[in-house]
Structures are given as structure tokens and as C-alpha cells.
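K.L.:
The whole structure should be built from the sequences, with the hints applied where relevant.
These are the residues of each chain, in order.
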Amino acid sequence: MHISEGILPVGWAGAWLLVALPFLAWGIRQIKRRGQTEPRYRAFVALVGAAVFIISCMPIPVPTAGTCSHPCGTGLAAILIGPGPTVVVASIALLLQALFMAHGGLTTLGGNIVSMGVVGALVGFGAFRLLRGAGASVAVAAFAAGALSDWATYATTSAELALALHGGGSLWSLLGAIMMAFVPTQLPLGIFEGILSVGACRFVSSRRPELVERLLARSSG
Amino acid sequence: MKLSALIAVTLLALATWPVPGAETGKWPGVDETVVEKFAREAVREPREPFINTDQGDLLLPVFLIAGAAGGFVGGYYFHALFPPREKKSAPSGAGRS
Chain U
1 MHISEGILPV GWAGAWLLVA LPFLAWGIRQ IKRRGQTEPR YRAFVALVGA AVFIISCMPI
61 PVPTAGTCSH PCGTGLAAIL IGPGPTVVVA SIALLLQALF MAHGGLTTLG GNIVSMGVVG
121 ALVGFGAFRL LRGAGASVAV AAFAAGALSD WATYATTSAE LALALHGGGS LWSLLGAIMM
181 AFVPTQLPLG IFEGILSVGA CRFVSSRRPE LVERLLARSS G
Chain Y
222 MKLSALIAVT LLALATWPVP GAETGKWPGV DETVVEKFAR EAVREPREPF INTDQGDLLL
282 PVFLIAGAAG GFVGGYYFHA LFPPREKKSA PSGAGRS
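Taken in order, these protein sequences are the chains called U and Y.
Just so you know, the first sequence maps onto residues 1 to 221 in our numbering.
Just so you know, the second sequence maps onto residues 222 to 318 in our numbering.
One should not assume that every hint holds.
Claimed, not checked - Computed list of lysine to any residue pairs in SDA-like fashion (alpha-carbon distance at most 20 Å, straight line): (1) Y:Lys308 / U:Arg208; (2) Y:Lys258 / Y:Asp275; (3) Y:Lys258 / U:Gly169; (4) Y:Lys247 / U:Ala46; (5) Y:Lys258 / U:Pro184; (6) Y:Lys247 / Y:Ile272; (7) Y:Lys258 / U:Val183; (8) U:Lys32 / U:Gly11; (9) Y:Lys247 / U:Ser173; (10) Y:Lys258 / U:Lys32.
No lab work stands behind these hints, which were simulated from the structure alone.
Here the structure is a predicted model, which is why all the values come from computation and not from measurement.
P.N.:
Following this line, the structure appears as C-alpha cells:
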């Protein structure tokens, strides 16, 4: 999902960074505010941030496709710490990966933050809250959040690439081609990410329910 | 529980499904097979990273350090947030007849 250095033209790179910045500011404000009222929240954000960093640079072989790819962890993070703070931890992870691990790039950082941080977090969080509101169990909602956030991240990356690279050709046919190229790898990985989210949610809600009680509650409060 | 079992079986089936040629593949990442492939087709060659650690085996220690650092931070806060459960001590009168 990491768009490499130099792939996006300057205009698109700048535009995606401008899209990402307000979400980043929103996330930083949320961390500050919740950190003042909930004493363990910042430690929880640090733990989830470390998990997102490791998960999003961990290549997993997918035998069905003969390729490797990585989960994102942002759907799970959004359930646990909220979507705004997830944008912040995803941005830090992506920045470190771009600087030192030859994954992504500084010029494409905005695009990668939007796909993995913003869209991944919002889709995961939205799916979780929607399903919980409809009466689904934590396991079902967490599975959907993990899988859908992964697929939404890669769909957004496809859209960013198609918008920047279609030139004089058809935007929709290029978008379809890129999305179809991701499917063999990301379909099973999305399912894996769903299972990962179920396990993590169950663990946290059984061991420290007070950390996530607001998010795991069935009501929208 | 049934759902988890169904998902686990589906994932296992997907992961072990034999794909012609997969055994001989070199397990490239999707960044290479999809992102960079479409970029090259559109004549947008990826540029070398500003700090290029993708040289020879240099990425291996970089990933090792990143994994260790991330694991340390994660483990530290995990231990702070989820301390080991205290074992229930035996009642004071246990063993007396």
C-alpha cells in the first residue's frame, strides 16, 4: 500500500498532504484532551501506536497470490483509541517507515496517511459503530472493522494512483485494473486483519474493559 | 465461536490453496507488483528514497532494529496496562485437618 517516493506528481502529493493535515490536527487535539481526563489513555495510544508500526511493516506471504503484503492495523486502532488518534499514530509509523525503511516516501507521505490513517481509521471505526448500533456482537463488529478498513485502505491507494497516473486514458479502467491487481493478495489479508481485530478486541475488553468501554458500548455514547 | 471457526477454516483454505507458479515465485511485495508496476507503465518511475536503506542486506538490520524498538515500546506499555494476573493465594486454613 506504501506509494513509493516520487510516484505521485507534486500537485497530487501536496493535495493529499493538505487533506491529511486537518485530520492530524484533530487527532493530536483528541489525544491531548483525553490524556488529561483519562490517566492511562496516553500509554494506551503508545501501545497501539507501536502495534500499528509493527503490523504495517510486517510482510505476510499470501500463498494464493505468491506475493507478500502487510496488514494496516488502523481499523483495530480506531476501535481501541478512536479514529483521530489513529491518524496520528499511523502518520508517525508511516514517517518512520519512509525515513529509514525505504517504505513509502516523504513526497508521498500525505497520500499514504490519507489511505492508511484517515480512510482506514474512519472506515474501521464507522463499520464497528454501525454494526454495534445494529446489535452485532463485538466479535462480528471487530471482524468487519478490521477487514473493511484493510480493503478500504487499498481501494484508496488504488484511487490515488489512478487519479495521478491515468493521464489521457480512462480513470475508471485504470482504477479497476489497480484494484483487481490488489485483490488476490488483499482479500485473504483483509480476512486475517479481521481475525486479528477480533482477538485484540476480546483480549482488551476482557482484561481492561475500562480502556474501551466507551467504544465497545452498544449505544452511541 | 462458530463464526471464528468458520473464518479460521476459510483463511486456512485460502492460505493453503495450491497456486501454479506460487512455489517458484520470489514473494514480491504488492508495493512492487502493483504500485510500482502501474507507476512504471505510466512512466512515473519511483525515485530512490532520501535515506536509501534498500541496499543489499542493509534492510535486514534496519527491520530488526525497528522491530526491536517497536516491540520494546509496545511491551513496556503492554506491561504497564496489562500487568500479570495475581495468582489467588490459598486460604489460610487450607491443609489443616
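K.L.:
Under the constraints set out in the numbered hints, which ones does this structure not fulfil?
P.N.:
When the structure is compared with the hints, numbers 4, 6, 8, 9 and 10 turn out to be violated.
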